[in-house]
Amino acid sequence: MTIAIVGLCRAGPSRAAEPPPAASPDDTSGKSEAVAPSDKTSDIEDSALEGLLGMSLEDKLGTTEAVSRTNESVLRAPATITTLDSKQIRLSGATTVPEVLRFVPGVAVYRSAANNYIVALRGTGGLSGNNVVLLIDGIAINSPLDGNVSWDLIPLHVEDIERIEVVRGPVSPTYGANAYTGVINIVTRTSVGLTPSYAARIRAGADLAGNPIGSVSGRFMHVEKKLEFKWFMNAEHDGTSPRPVVSTTGLHEHETPADRFSLMSALSYIPTKQSRVSVEVGQAWSRRSSMEDLVLDSVPQAQRLIFGRALYELRELRGPLTSARFWLQGTSQRITSQKDEDIGLSYDGTHSLRGIAGTDLVFALHDTLSAMVGGQGSLERMDASYLHPNANDAVRGAYGFYGGIKASPLSSLDVILTGRGDMAPISAKLEYSYRASAIYHTDSWALRLTGASAFRAPSYVEAAGRFVDPTSRVILLEGFNSIGAPRNTSVELGATFSPLTTLTVSPTVYLSRLTNLMVEDFESLVRRTFRNDREPRWYTGGELEASWRVTDTVSLLPSFSILHWLDTSTPFETNVGVPEQNSRYSGGLRVQGVFGNDRWGYGVGAMVVSPRNYNIRAGVPVVILSKRIPTSAYLTAMIERQLASAPSVWISLRLSAGIPTNVPESPQPLASPLGQSAILGFQVRTD
Amino acid sequence: MGPSVFRSRLQPAAMAGLIMLFLTGAKGDSTKKRPAVILGRVLSYELTLEDRVGDSVGIAVVYRRDDQTSEANADDWIQGLAELSSVKVKDRRIFAFKVPYAVGEMSSAVDKGADVLLVADGLHAESPSIAQFARSRHLLTMGNAVSYLDTDLTLCVTEEGEKPKIFINLKIAHLEGIRFGSRLLELATLIR
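Chains as they are written, first to last, in the working numbering: chain A, 1 to 687; chain B, 1001 to 1192.
Accuracy of the hints is not assured; some may be wrong.
As the list claims (entries may be wrong) - Computed cross-link-like contacts, DSBU-like style, restricted to lysine-lysine with a CA-CA straight-line distance of at most 30 angstroms:
#1 K87/A with K1171/B
#2 K225/A with K429/A
#3 K1165/B with K226/A
Stated by the list, open to error - Here are the computed distance ranges between Cβ atoms for each label pair:
#4 A1072/B with G596/A: 36 to 44 angstroms
#5 V281/A with S1182/B: 27 to 35 angstroms
#6 V415/A with T1031/B: 38 to 46 angstroms
Read the hints as simulated data drawn from the structure, not as lab findings.
For glycine and all other residues, C-beta sits at the position ideal for the given N, C-alpha and C.
Let the hints inform the model, and build the full structure from the sequences given.
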């Protein structure tokens, strides 16, 4: 017998055996009994596997730890969550995480320069990037300095991500400070199935101006008995950067291409199904344009992030204690920047160190009642030349603690209450956050009502900043320790339902109230200080997303969001929560799929956002920004083809474009347009 | 990719409904009807199927000759697989027959067109040699119980309570020269 197997043996023709005749029901004498085909046939490919498996909506949506830091089903989680899996990420054609996030409703992504993004959730668009918490496998990598997220410091390639979980709404009851509009959790690839498993990629391309873009990246994962090892590497160059001719001070000409290099590895020991000990370490180095909230100029700025975590987990225990987690975590972040005397404030020389120890415990009090308690303590040191001498280079402590209960009075109803207290290191004030949720769920739909309040801790800059102009000796920036924490209180009603086996729809409406927002208080036009806005800001919004697997080869992923401000009569001086700085509408559609026996993959997407207006003072020294960003669109397309199956070698082409082509989507004065780029890639991977 | 991929998708919904209807309506006739239909659908996600089978897909249900429980289990599968006589997988008809365990019998089953070896209960001790036999011939192996997948076989379609589940050992699948589509791997439980 000769069998042709792709990638294993190509010798010989396929075997073509005829089915034996049907056995008579009375015939029991033969060694074998046969069931032969009938004359009337239909294709089994026409039936949905999800339907045959009788999968409930809860089965299809899977589980998450991003909302409550304990494993729970997405359907019954007490917050709005969007999950993007590895296949969706790969077929999105995106080369960075923010580009993937563009298609998530309620998420606004603005690119200032190559690898320099601001990601804002639900009405917090502006120049600040500190309104959301970014986690890598549960490790927060926000800057201890100001809570900002540097998206270029994500220590792995976008295709080495197992899934991205975007939780929208106040999540401080779980994560403490800064998770006041949401949390984005990135889960690294896991080695389920094959071992060892690997991927190696090389990509190169350019924009229309001929500026180069390229990357080399890969992963290796191995499971040996009770040990699991993961390793990730990524090196990227993005030359599709801004080319500012004149700086804000009118003196400079700079080009700031983006480069980054990262390594991350994890070693886990899994002695039993119920326990796991793991150590994760990573480092990311990045250099890109300096453009940020305080630094409007575009000079090369480099950052290095080093982080590590040791984690001991116990799961599915039988006693009252059903799961436990103990962890030690450390991060170090250093910024170096090209600095000229006449550009004002620079982050050059900033260095932060932070160590955290924490625990999360879950107790089963009754069949229908469980309790969650946990807490963390931390020590941190901040060294920055623009902080007040009394605040600079001092070691500070902070702590947080939380408790919650989950009750299921009916088999289809969950009620979850959580409260948390946190003391911020710089303000030394105790802030509280809470969440109350009721979730009614069936096999095919769920309805969720959640009320929550969360906060953002004042940053070092806002509470202890002091920057003196070296030439004039004028104080250009000053913070105050009495500053309060901005707060987001929100009520939302969300639903998830599945009208077809292959279609899931999730609409959400919410009402939010922002209080204590930071006001950029320019007393003398040149001195930047801060105070809290006592005027609450009310707004409401809606988000809609759907996932429809039309066939095995075509999936449609539409999304839409709308934002409406309820009170626009009082002037807005704040740096977030300004109606004009947020697009009122945004909508997008992705079409993805694989075909040709999974040898081809494709994805096309379009996202359109309505106009924004900026009329703000920003930077140190202060600059008035007045800019209108028109309706803009982001278009992306990718196609990949398997060239060989053993090993699995792929070639891919990625195209992306921003429209209009000559208008940047960021209000930064030196921001560059998105441009158009094409990237050709080769990849070897285990599937 | 066959032209059927682009055909109207009104038919699939009707087909799925029909299959579910007869599965729920006819449940009790055979305990393996639902797993058998799912097996048929699983085969449609096998990327290597067209390269390794001919004009039809043969499923040989292997059982222990002197074990009534094993043979009854095989009979259940044969009865369940009878439901697949009216469907096609990648334009190929499916047929099933049972064979008692013995190397000679399995070789003859291959000659009769077996592309899948479905191992019934009672053959745990023999599963390593069945696995060896299958790997050298690039046959897909399937076990009636998940425990077969620990070291020897590739696939198991079983019911946990009322819910059917698919288990796949990818490592063994590769040893057999079998690859599955990404959609199936998303829905199956992968054995490490």
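message: Could you work out which of the previously given hints the structure breaks and list their numbers from low to high?
response: 2
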